[in-house]
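Read off the chains here:
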Amino acid sequence: MDMNEIKEIFFQECEEQLAELESGLLKLNDGDRDPETVNAVFRAVHSIKGGAGAFGLDDLVSFAHVFETTLDCVRSNKLEPTQDVLKVMLKSADVLADLVTASRDGGGVDESRSRSLVKELEALAHGELPSSSGHDAPKPAAKAAPAAAPAAKAELPKPSDDSGFQPIPFSFDGFGEDDEPVVEGSLYEVIFKPRRELYSKGNEAALLLRDLSRLGEMSINCDTDALPTLDKMDPEASYFSWKISIRTTRSEDDIRAVFEFAEWDCDLEVKFAEEASSNEELPMVPVPFDLSILDDSSSGEDERTGERGASEETVAAALSAAETASNVSRAARVAEKKESAAASAAAQNNAAAAAAGAGQTIRVDLDRVDRLINLVGELVINQAMLSQSVVENDATGTSAVNMGLEELQQLTREIQDSVMAIRAQPVKPVFQRMSRIVREVADMVGKSIRLVTEGENTEVDKTVIDKIAEPLTHMIRNAVDHGIESPEKREAAGKDPEGTIKLTAKHRSGRILIELADDGAGINRERVRQKAIDNDIIAADANLSDDEIDNLIFMAGFSTADKISDISGRGVGMDVVKRSIQALGGRISISSRPGYGSTFTMSLPLTLAVLDGMVVTVAGQTLVVPLTAIVETLQPEAAAIHSFGANQRLISIRNSFCPLVDVGRVLNYRATQANPVEGVALLVESEGGGQRALMVDAIQGQRQVVIKSLEANYTHVPGIAAATILGDGRVALILDVDAVVAASRGQSMKPEMSLAATG
Amino acid sequence: MAAKKAGPASLKLAAVLDLNEASNLHGKLVSMRGSDLRIDASGVERVGVQCAQVLLAGVKAWEEDKKSLLVEKASDAFQKTMQLIGINNQNLVAKEI
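Chains as they are written, first to last, in the numbering used here: chain P, 38 to 796; chain H, 36 to 132.
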């Protein structure tokens with residue numbers, strides 16, 4: 038495993054930590070005062086800082102450090118996490134995320150923004166930090182991160198080693214000053230005998246000792262008796278061992294933690310010694326407190342590391358970052374130990390997420406999962422073909438073969454479900470990103486907006502998640518910029534000056550429904566209509582329903598913003614959003630109530646790979662209806678069919694009426710309406726929530742089908758969602774239930790065309 | 036790296052005395068035995084324990100040979116590290132001249 042891989046893992050972990058950080062802060066913002074939440078937030082920043090230190094990402098370290106210091110004040114109840122405080126913290130989380138991105142992909146960060154945040158954070162931390170009162174203006178710490186942002190460096194107190202999460206800030210504030218702090222605490226005796234392996238793995242006893250010396254006041258005795266004569270010695274073997282007594286306020290575990298990554302390669306004894314211990318008999322050498330020279334020289338090493346081996350590079354990296362003597366930083370020191378570090382980091386995470394019941398996870402390349410999914414898809418098709426040919430060729434119905442086939446079917450099914458579950462991810466990360474966008478955009482336009490999310494644990498296929506982020510971002514920006522009014526206008530309209538945007542995800546009829554609702558002014562229909570006429574999208578005398586006017590905003594080249602703003606209205610409008618949603622096999626619609634806001638509804642398929650379907654026949658064609666959409670099937674009786682209007686029909690089911698949709702007619706498979714009594718009705722639930730009875734000729738059976746995109750292989754066909762290959766090798770089309778239902782209501786399956794036709 | 040037979044030999048230590056340097060340093064010391072030695076540690080930026088081991092073994096070997104081995108100039112890093120790891124051999128932590 039080389040350095041870059043480790044770094045890659047670090048960045049992946051960073052993303053998780055950032056998500057953790059943000060959700061924790063948002064929880065705090067909502068009034069959650071659980072200490073565990075504060076701890077989780079603190080841990081997230083701390084882990085990022087530690088890892089960043091190991092890789093010499095100084096900007097990241099220095100910012101994370103300031104952030105961490107302030108969070109520590111919250112943790113120790115010195116700072117009340119009020120809304121104002123959290124606002125700064127949320128912004129800091131954003132900057133931290135930017136810094137992580139900048140560190141990974143290169144590129145710059147808004148320096149002035151991070152600097153001003155550093156100041157704000159420090160103000161918060163200092164405003165209520167009584168314990169370091171003696172150092173109101175602490176001298177530049179001897180060991181502030183090298184080349185850190187100057188503003189941050191100047192005011193940094195000496196970073197404390199918080200790996201044990203028991204920071205004692207004042208005990209380090211005196212670093213580099215003449216008056217050494219009074220070290221209290223108990224005395225420990227440490228016996229440390231490194232073995233040869235410790236060195237050969239790139240670890241260095243001197244560094245461990247230095248880390249140890251940072252815990253408190255340390256005296257050391259080096260046992261050199263084992264050293265053979267010069268000609269007999271092996272220069273790479275280990276002969277020295279140490280007896281150390283250290284007075285520290287830390288716990289024994291903290292001491293052991295220093296040796297955490299070397300403990301298999303050394304003999305280590307840590308004993309609690311009484312106040313008057315027997316150490317007088319040992320000629321102890323007091324260890325100097327100021328070891329900064331070691332850091333400085335080592336940081337100078339960094340430039341030269343390129344020409345040396347990887348293991349040394351890691352040592353140097355660790356050196357420069359040694360002040361963040363956290364688990365993660367040491368992970369880099371010994372490359373081979375990374376896994377154990379990850380394990381311990383994971384253990385930490387687990388502790389944090391214990392309530393959430395997080396288990397162990399592995400990271401898998403998405404390509405591998407995709408390959409597996411494709412193969413399973415082929416397996417499903419193959420299994421269907423096999424059972425079909427067995428049924429066709431086996432008139433006697435040999436039970437053994439049939440039973441075997443049934444088991445095979447069940448197994449394939451389970452495999453498929455499991456594979457699908459691998460790809461299913463909660464929409465939470467995407468939603469979290471949105472809250473940042475709301476914050477930033479609202480800040481820019483001077484509005485006060487709260488984002489409420491609901492159902493963020495709704496799971497959907499990873500490809501869908503990846504592709505939904507961009508259109509969603511665009512819509513959120515629109516909602517903040519155009520949807521929500523300015524606070525003054527809102528107040529004038531008798532609304533809460535703080536606007537609310539609600540982002541909801543839920544499962545509905547086998548699809549995921551994402552709703553974006555704002556409580557703004559709603560669509561200004563007059564203006565939209567005028568604009569559409571000006572842009573020659575509709576004829577001046579076109580007669581459109583409110584709904585149709587609202588949906589005009591999805592037309593290409595449509596923007597109602599009077600002036601082009603920085604945030605939205607750059608010419609790429611809702612038509613782009615609509616196209617990307619459609620490319621995903623989804624639909625988008627808008628409903629708006631003037632004065633009360635607009636709601637965008639996106640409906641997306643849960644997965645782009647398989648589908649449980651009912652195979653039906655319509656006018657001699659085989660179609661697949663997604664099973665999730667079907668509520669029940671029934672055989673209509675003549676008495677239950679009622680005519681309604683010119684060519685609409687209703688079916689009465691258990692004393693309620695339900696529109697009857699002739700699928701063959703809607704899809705133009707036949708010219709005349711079929712006789713409902715000769716067919717079968719499928720009661721389906723459409724996205725609007727209403728029920729419709731789809732009329733088909735016959736039901737062939739129920740089957741799992743592998744979705745093959747029609748768009749990719751042919752072109753989009755209205756009313757058809759996708760295609761599949763059946764057991765006998767024929768292609769069957771998968772019905773887009775909602776599109777068919779919408780078409781039956783008299784709307785065309787291509788509203789754009791119909792609108793154009795009216796003009 | 037042949038040692039000079041006449042007069043005190045001198046040895047300038049490398050900047051980085053780490054694991055890789057230990058064998059090297061050991062070889063130099065072995066080859067320089069038999070005459071007085073002045074060690075210049077002024078350019079040392081980093082000292083690993085293993086080089087410290089070699090140096091201390093060298094001090095003892097020189098003592099055995101009744102020759103003198105002195106660290107004449109030592110960088111801050113060199114002194115601090117020796118102090119840190121608890122080596123207080125006078126020959127090694129000699130004051131700067």
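Hints were generated in silico from the structure; no laboratory data involved. All of these numbers come straight from a predicted model, not from anything done at the bench. Do not take every clue at face value.
Far from chain H, by Cβ distances over 10 Å, these chain P residues were calculated [to be verified]:
id, residue
1, Leu116
2, Ala242
3, Arg247
4, Leu267
5, Asp268
6, Trp279
7, Ile459
8, Asp583
9, Pro696
10, Glu715
11, Ile736
With a Cα cut of at most 16 Å, we get these calculated EDC-like pairs of lysine to aspartate or glutamate [unchecked claim]:
id, chain 1, residue 1, chain 2, residue 2
12, H, Lys63, P, Asp268
13, H, Lys63, P, Asp404
14, P, Lys64, P, Glu748
15, H, Lys95, P, Glu493
16, P, Lys269, H, Glu107
Note that the Cβ used here is the ideal one computed from N, Cα and C, for glycine as well.
Going through the hints against the structure:
no., hint, verdict
1, Leu116, "37 Å, holds"
2, Ala242, "4 Å, violated"
3, Arg247, "6 Å, violated"
4, Leu267, "4 Å, violated"
5, Asp268, "6 Å, violated"
6, Trp279, "6 Å, violated"
7, Ile459, "44 Å, holds"
8, Asp583, "76 Å, holds"
9, Pro696, "81 Å, holds"
10, Glu715, "88 Å, holds"
11, Ile736, "75 Å, holds"
12, H:Lys63 x P:Asp268, "12 Å, holds"
13, H:Lys63 x P:Asp404, "54 Å, violated"
14, P:Lys64 x P:Glu748, "42 Å, violated"
15, H:Lys95 x P:Glu493, "70 Å, violated"
16, P:Lys269 x H:Glu107, "26 Å, violated"
In the structure shown, a violation is registered for the earlier hints numbered 2, 3, 4, 5, 6, 13, 14, 15, 16, in ascending order.
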